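**Q** Listed below are the residues making up each chain.
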Amino acid sequence: MEGQYSEKVMEHFKNPHNVGEIPDADGIGNVGNPVCGDIMRLYIKVDPKSEVITDAKFKTFGCGAAIATSSMVTELVKGKTIEEALKISNHAVAEALGGLPKIKMHCSVLAEQALTGAINDYLKKHGKPTIAKKFKDEHQGHEA
Amino acid sequence: MSPIRKVYLDNNATTRMREEVLDAMLPYYKDVYGNASSVHQFGRVARVAIDKAREQVAALLGAAAGEEIIFTSGGTESDNFAIKGVAHALRHRGSHIITTAIEHSAILNACKCLEKDGAKVTYLPVDASGLIKAEDVRRAITDKTVLVTVMYANNEVGTIEPVAEIAKACKEKNVYFHTDAVQAVGKVIFDVKSIGADLLSMSAHKIYGPKGVGAIYIKKGTKIDAIMHGGHHEMNKRAGTENVAGIVGLGKAAELARKEAAEEIKKLKELRDYFYKGLVSGIPHLRLNGDPEKRLPNTLNVGFKYLEGESIVLNLDLEGIAASTGSACTSGTLEPSHVLTAMGVDAADAQGSIRFSLGRDNTKDDIDYVLAVLPPIIQRLREMSPLYEKGK
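Same order as they appear, the protein sequences are chains A and B.
Counting along the first sequence from 1, when you hit position 74 you're at 73 in numbering that gives the first Met the number 0, and nothing is skipped either side.
Counting along the second sequence from 1, when you hit position 249 you're at 248 in numbering that gives the first Met the number 0, and nothing is skipped either side.
Chain A on its own, in the form it takes in the complex (with noise of 0.2 Å):
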């Protein structure tokens, strides 16, 4: 329904998975403000041989959706390589929790950036480069 969260939104809202912060993360990614009403952190912990995301975790200060989303992002990463990971959209995000409300779409844009924002910062800490994303708006009115 228009406006509303799905049964899978409210599971991750209720019991969100991989909250907590990661002492020591291999990057960290840091989005939002809190004019928008979401601010997401994303830790993730990098194997160096495979380059695979062996965790990740997260801390969000925002609503349902961004909350859900976080948890949703931080599941679908981890085991993934850093270039699978890169892969990740900000739909798919979206589509694993069955869907977000038109106006909660900006959530989903957010744990994509948040999730290369992470990744960039461990890509920079190895001295490799980092990728360029463009992101759609999805915020309705402003820049996410």
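Please note that a few of the clues may not be correct.
Counterexamples of contact, computed for chain B against chain A with all Cβ distances above 12 Å [said to hold, decoys possible]: (1) T221; (2) H231; (3) D316.
For lysine to aspartate or glutamate, the following EDC-like pairs were computed, each having C-alpha atoms within a straight-line distance of at most 16 Å [what the hints assert, rightly or not]: (4) B/K293 / B/D316; (5) A/K56 / A/E6; (6) A/K56 / B/E382; (7) B/K266 / B/D364; (8) A/K44 / A/E82; (9) A/K13 / B/E318; (10) B/K5 / B/D316; (11) A/K58 / B/E388; (12) A/K13 / B/E382; (13) A/K123 / A/E50; (14) B/K304 / B/D348; (15) A/K13 / B/D316; (16) A/K58 / B/E382; (17) A/K58 / A/E20; (18) B/K143 / B/E171; (19) B/K132 / B/E164; (20) B/K268 / B/D290; (21) A/K124 / A/D46.
Across the chosen pairs, the derived CB separations fall in these ranges [stated by the list, open to error]: (22) A/A91 / B/D360: 42 to 50 Å; (23) B/D30 / A/H16: 39 to 47 Å; (24) B/P374 / A/H16: 18 to 26 Å; (25) B/K265 / A/H16: 45 to 53 Å.
Note that these hints are calculated values from the structure, not bench results.
All of these numbers come straight from a predicted model, not from anything done at the bench.
Don't be surprised by glycine CBs; every beta carbon is placed ideally from N, CA and C.
We have chain A; now place chain B onto it with these hints.
**A** What follows is chain B alone, placed relative to chain A:
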């Protein structure tokens, strides 16, 4: 799993209609179906019921006679009528309107609509408690000003504005004063004559009456044009076949409010203050939004630092508790509350503000239940928030 109990703390959004009100209305949905404008007996019975309701509303507002009360479809229509009706009637005199930054959307968007047609609108600022200064109103009035509209009490934070002082300033400058009293009626004891308002909006569903009906007080002699054109209903001021049952419900709700408001206000204030005391002792990093004293007796708007409001409201909902982030009419926007922003509350703190608005059905047990449920929710969400650092 459904929650163990239901606690409704969103009475500024709407209230539960009283049994007495519904009982008064039912005959007008069943037996009395005549058009109140008809001359035959079917119509006459409906007319009598409307006249009685007009007297009941007039008595609640302290209007001199029933002829100063016009029935509308609710607060939004009353607000639109006041603004557009006066602006149109006085269009040869000027097109400047003064309002405030914290009005309900019905006022703000009606003003925006007139701006498109060339009107000039001044949006007065408020202080940190949400109060307007009568002096600011006085200074903003020019010879082109046709209307000043300032809400009686704010729907989000409950701050009660100095409307009598503002009305006095308007009178001195010979400018009409309208007040949106949708939230004040039944929660503040007043009468239109001692305030000195020329126009006043009210709604039935905020005072335990039905949705879809309201009224506007228009002081005798006030120049205003109809905005709804058609038949000769409502003394040529508002066309359209009267919503008889709704109007009867509004009348009954007004009568009950008049009888019971004083006691109700005392009870609500006690319960609200008990609630706030409990919150303060159970949850750190709180802020009270709105004026601590000049505030509606039922309204408690609290900022939970480091958190965003929707996540709190959703968690409360899972526990059967209804509260809201700001106004129901502005949910669906992403920006922080325009009221809190105007009060100078920073964006992050505004995002984490929740409005609890109590009503006549709430008990101490309800509040104790909320006080038991809310602290662990806040703690859990804070531990998830990147803005929160433990021990801070």
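**Q** Run every hint past the structure and note whether it holds.
**A** Tested hints:
{"no.": "1", "hint": "T221", "in the structure": "39 Å, holds"}
{"no.": "2", "hint": "H231", "in the structure": "41 Å, holds"}
{"no.": "3", "hint": "D316", "in the structure": "10 Å, violated"}
{"no.": "4", "hint": "B/K293 / B/D316", "in the structure": "29 Å, violated"}
{"no.": "5", "hint": "A/K56 / A/E6", "in the structure": "22 Å, violated"}
{"no.": "6", "hint": "A/K56 / B/E382", "in the structure": "13 Å, holds"}
{"no.": "7", "hint": "B/K266 / B/D364", "in the structure": "14 Å, holds"}
{"no.": "8", "hint": "A/K44 / A/E82", "in the structure": "14 Å, holds"}
{"no.": "9", "hint": "A/K13 / B/E318", "in the structure": "12 Å, holds"}
{"no.": "10", "hint": "B/K5 / B/D316", "in the structure": "9 Å, holds"}
{"no.": "11", "hint": "A/K58 / B/E388", "in the structure": "11 Å, holds"}
{"no.": "12", "hint": "A/K13 / B/E382", "in the structure": "14 Å, holds"}
{"no.": "13", "hint": "A/K123 / A/E50", "in the structure": "14 Å, holds"}
{"no.": "14", "hint": "B/K304 / B/D348", "in the structure": "6 Å, holds"}
{"no.": "15", "hint": "A/K13 / B/D316", "in the structure": "11 Å, holds"}
{"no.": "16", "hint": "A/K58 / B/E382", "in the structure": "8 Å, holds"}
{"no.": "17", "hint": "A/K58 / A/E20", "in the structure": "7 Å, holds"}
{"no.": "18", "hint": "B/K143 / B/E171", "in the structure": "15 Å, holds"}
{"no.": "19", "hint": "B/K132 / B/E164", "in the structure": "9 Å, holds"}
{"no.": "20", "hint": "B/K268 / B/D290", "in the structure": "14 Å, holds"}
{"no.": "21", "hint": "A/K124 / A/D46", "in the structure": "14 Å, holds"}
{"no.": "22", "hint": "A/A91 / B/D360: 42 to 50 Å", "in the structure": "46 Å, holds"}
{"no.": "23", "hint": "B/D30 / A/H16: 39 to 47 Å", "in the structure": "60 Å, violated"}
{"no.": "24", "hint": "B/P374 / A/H16: 18 to 26 Å", "in the structure": "24 Å, holds"}
{"no.": "25", "hint": "B/K265 / A/H16: 45 to 53 Å", "in the structure": "49 Å, holds"}
Of the hints listed earlier, those the structure fails to meet are numbers 3, 4, 5 and 23, in rising order.
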